[in-house]
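Undergrad: Two chains, two frames, a set of hints: combine them into the complex.
Protein sequence lines correspond, in order, to chains Z and B.
Okay, so the first sequence: first residue is 1 according to the working numbering, each after it adds one.
Okay, so the second sequence: first residue is 1 according to the working numbering, each after it adds one.
Keep in mind that the hints were calculated from the coordinates and are not lab data.
What you are looking at is a predicted structure, and each value in this text was computed from that prediction instead of being measured.
Take the hints with a grain of salt, since some may be wrong.
To be verified - Within a straight-line C-alpha distance of at most 25 Å, the following computed SDA-like cross-link-like pairs (lysine to any residue) qualify: (1) Z:K126 / B:K45; (2) B:K66 / B:S22; (3) Z:K47 / B:M74; (4) B:K45 / Z:V122; (5) B:K45 / Z:Q129; (6) B:K195 / B:H91; (7) Z:K126 / B:M74; (8) Z:K125 / B:S24; (9) B:K66 / B:P53.
Claimed, not checked - Over 12 Å on every C-beta distance to chain Z, these chain B residues come out as not near it, computed from the model: (10) L84; (11) D158; (12) P310.
All C-beta atoms, glycine included, are put in the ideal place defined by N, C-alpha and C.
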Amino acid sequence: MLSAITGNGWALLGAALAATLAGCGSAWGVGLAGQAASGVVTEDPSKFAKVLVIQLLPGTQGIYGLLVAFVALSRFGLLGGGGTELSVQTGLMVLAACLPIAIVGLVSAYHQGKTAVAAIGVVAKKPDQFGKAMLFPAMVETYAILSLLISILAVTSIPV
Amino acid sequence: MSKNQYAYAVARIRALEVSLFSASTIEQLMACKDEEACLRFLADKGWGGPDVPLEADAILGREREKIWETIGEMHMNMDVFDVLSYTSDFHNLKAAVKEVCTGKSGGTVFYEGTQIPGEEMLRIIREKDYGALPESMREAAAEAVDTLLRSCDGQLCDVIIDRATMEAILSAGEKSKEDVVRDYARSTVAVTDIKIAVRCARTGKSLEFMRRAMAPCPGLDVERLAHAALAGEESVIEYLQTEGFAEAADALRESASAFERWCDNRVIHAIRPQKYNSFSAGPLVAYVIARENEIKTVRIILTCRQNGLPDDAIRERIREMYV
Numbered sequence: 001m002l003s004a005i006t007g008n009g010w011a012l013l014g015a016a017l018a019a020t021l022a023g024c025g026s027a028w029g030v031g032l033a034g035q036a037a038s039g040v041v042t043e044d045p046s047k048f049a050k051v052l053v054i055q056l057l058p059g060t061q062g063i064y065g066l067l068v069a070f071v072a073l074s075r076f077g078l079l080g081g082g083g084t085e086l087s088v089q090t091g092l093m094v095l096a097a098c099l100p101i102a103i104v105g106l107v108s109a110y111h112q113g114k115t116a117v118a119a120i121g122v123v124a125k126k127p128d129q130f131g132k133a134m135l136f137p138a139m140v141e142t143y144a145i146l147s148l149l150i151s152i153l154a155v156t157s158i159p160v
Numbered sequence: 001m002s003k004n005q006y007a008y009a010v011a012r013i014r015a016l017e018v019s020l021f022s023a024s025t026i027e028q029l030m031a032c033k034d035e036e037a038c039l040r041f042l043a044d045k046g047w048g049g050p051d052v053p054l055e056a057d058a059i060l061g062r063e064r065e066k067i068w069e070t071i072g073e074m075h076m077n078m079d080v081f082d083v084l085s086y087t088s089d090f091h092n093l094k095a096a097v098k099e100v101c102t103g104k105s106g107g108t109v110f111y112e113g114t115q116i117p118g119e120e121m122l123r124i125i126r127e128k129d130y131g132a133l134p135e136s137m138r139e140a141a142a143e144a145v146d147t148l149l150r151s152c153d154g155q156l157c158d159v160i161i162d163r164a165t166m167e168a169i170l171s172a173g174e175k176s177k178e179d180v181v182r183d184y185a186r187s188t189v190a191v192t193d194i195k196i197a198v199r200c201a202r203t204g205k206s207l208e209f210m211r212r213a214m215a216p217c218p219g220l221d222v223e224r225l226a227h228a229a230l231a232g233e234e235s236v237i238e239y240l241q242t243e244g245f246a247e248a249a250d251a252l253r254e255s256a257s258a259f260e261r262w263c264d265n266r267v268i269h270a271i272r273p274q275k276y277n278s279f280s281a282g283p284l285v286a287y288v289i290a291r292e293n294e295i296k297t298v299r300i301i302l303t304c305r306q307n308g309l310p311d312d313a314i315r316e317r318i319r320e321m322y323v
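Isolated chain B (complex conformation) (with noise of 0.2 Å):
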């Protein structure tokens, strides 16, 4: 698709960016006291729809329904939001592996709209038909059947797969011609190799596990951060301020819950430029970032509504907005 071709999508992206909440929308949202009073507020900002029931994950499932039927309508190349289905694609696999390998049926959760369905999944798992997985996910699905099914090591398996979805999104990001696409790989795989070194220090997990879970990244170095994990939180966190990454260093100080605002805020920071935009697929993949981002954040709203948690402790969890 020429680049030119992307001023219709765009414009009509930028009409619907203003309808993508705000800070001072999400301030509001805040202000109700309870769930019900939230999702009456959504339903006025014309969230859900009227055959759409007045609860949370209908609401929020029909959200991100709306978000695919919109780029769907532009008939535009969808290769370039491959990067963004690789953690359903792999969740999927990493349910089907483990649903066929413990024998355990009934209780797995697959992601609808991927690009194979659980149903599917299941199948080619059970019978080992790996070729008719994508090149990305083969040798993976092939490790991870046989980690479990010798050692039954549930863990070992979660390690296999994710490392392999990181780098189907980096490999995925590093070929693209989308500089928005790029970034995102970068900054997700950066963010998921940070959160594993902080989780391993936590846990006291070995070197060779850490070096099996990172995935490499450029602007991260994976081997220091697998040492200063190793040596603990502290170490993770000084390693974090000399590498550009004090922020992190910062949120990690503060609570679990902002370093979680902070990666998810940092894939935000890296799509913002896309709003300058106007002859590329970038806004695109902008927009389908940014109402994510939009739905987990009303997401953690209505959770800690329906928790009862106090406004300081909902305000700590919020992510950044794109608009």
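If we strip away everything but chain Z, and leave its shape as in the complex, we get (with noise of 0.2 Å):
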């Protein structure tokens, strides 16, 4: 069945695939730092904006996995529904360069979001750390990062 499956359909299985599990670790990750803004903010409205920041880091790999998708579908003018015709071994390059951002943006956006929920526990008691409480979620997005930089490489270095 899977030698059925097109170049071009491994190359949108690729991108779809960095879209999706990137963009649901982010909305893990910012549903649950939300829940916890809402409970600081909840006693104390003055801390919203602080805790607003904190609950949107662990979105960005969304972004990025859109972004990764993005590129793929357009290097490949998949965008425009015509497009190359891409061989199986071409189409299935471009899935495993969308990998990294699709299984590391899942796994950090869902660590950054429970960084961020006690990120938030520090602002709600000492909201003059607030810098400092901002770091430890932002460590977790390094490692988005470096997987974003690999895809992003490895999606544009695919021979056409």
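TA: The following block contains the structure:
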């Protein structure tokens, strides 16, 4: 059955995974951090801006996934509805290129969400430590950026 | 409830923890010259409310209500808080047993907001409808009623119900998935056993009495503690020193109020790790215990001020704060 999938099909699957998995991770992370942010704002609305910034940190993985999907689709002309007829080998290469941001995006957004919740707890008690609190979830971002880099480099290096 | 579902509640508690009294706030309260100044200080800190008179009981009672209003607003499973309510539940049982068996009514004070209201508890005991009680209370209720009717021994009745209270707390703690509930239960039971041993040593109670009064507790050899109490208070102190309760031994040597303070501080030490936990009911339970401890400490200061006790005597009774 897998042999029936064309090169364009594999490439589309790669783009879809990048956008979907990274997006799911971000939705989970932002949702969890949002619950914590709501808890703080219930008691102290003046901390809204600070907790909002922290809540948004796990949202970047979804953007990275979208970016990789967009680059992959446009590079192989799939956005316009027609485009290049890719070989199965090229399609699989596109799939492989999209996997780093898909997988790392999902996992890092999950963990960044949990770290963001803890950081919101820091801001709730010590708002003057906002800068330091934000650094902890931001550290998780490093690995999402690394995987974004690899996915972009790989997608743009595949010969058409 | 999934652990991640506590994110909202724990973050809200973190925001509330900012308004918990620290040691320095307690020092400021102690610096107030008289009770009226203390009450004004509390009102400035948001204690009581616009409709609450500037009286100690009214303000402290309102603060207690606020704890459960806040927890209630979080719409979470309240089972995790059961371990905190057993003391009040069993107090109501004890009050109802005494009122029914002695036939003296009117002076009984029941706690409000318990699992079984005072009037219902009286009906259960009067009609011996023990099946309407929670399982942990049934046997103790029947035994206490029987004992009081046969022997008129109020102290033995208290011992039976107090022992059942400790067993219920320990059982709830051991069953709980929350570390803080287990630690709280173990600390509470261990501290109560030590208190019983000290009191029995001072009043010269028998080994049989102590065995009946003390509940088995992990981390505490109750049998050895009872034997130590039989030999006297100094033996209890020696036992505590060798069994990892050196601070309790020091407090006992210092004074009775220092020992009472150690008992409460031990519970606060048990809940402190919850300050760094973001994904469980632990911080919520810890907050409730911390607020109760705060109210208790304020009550001590107010009572001492009412009775004109010197600052040193008040300081000796001040509990450690959670934050």
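Undergrad: Each of the hints needs a verdict: does it hold here or not?
TA: Here is how each hint holds up against the structure:
1. Z:K126 / B:K45: With Cα atoms ~19 Å apart, K126 (chain Z) and K45 (chain B) stay inside 25 Å; holds.
2. B:K66 / B:S22: Between K66 (chain B) and S22 (chain B) the Cα gap is close to 19 Å, so the pair holds against 25 Å.
3. Z:K47 / B:M74: The hint holds at about 20 Å.
4. B:K45 / Z:V122: Holds: K45 (chain B) and V122 (chain Z) sit about 23 Å apart, inside 25 Å.
5. B:K45 / Z:Q129: Holds, because 24 Å separates the two Cα atoms, which is no more than 25 Å.
6. B:K195 / B:H91: 18 Å, holds
7. Z:K126 / B:M74: 23 Å, holds
8. Z:K125 / B:S24: Holds. K125 (chain Z) to S24 (chain B) sits at ~17 Å (cutoff 25 Å).
9. B:K66 / B:P53: 16 Å, holds
10. L84: 21 Å, holds
11. D158: Fine: 41 Å to the nearest Cβ keeps D158 (chain B) off the interface.
12. P310: For P310 (chain B), whose nearest Cβ neighbour in chain Z is about 35 Å away, the distance exceeds 12 Å, so it holds.
Hint compliance for this structure: every hint is met.
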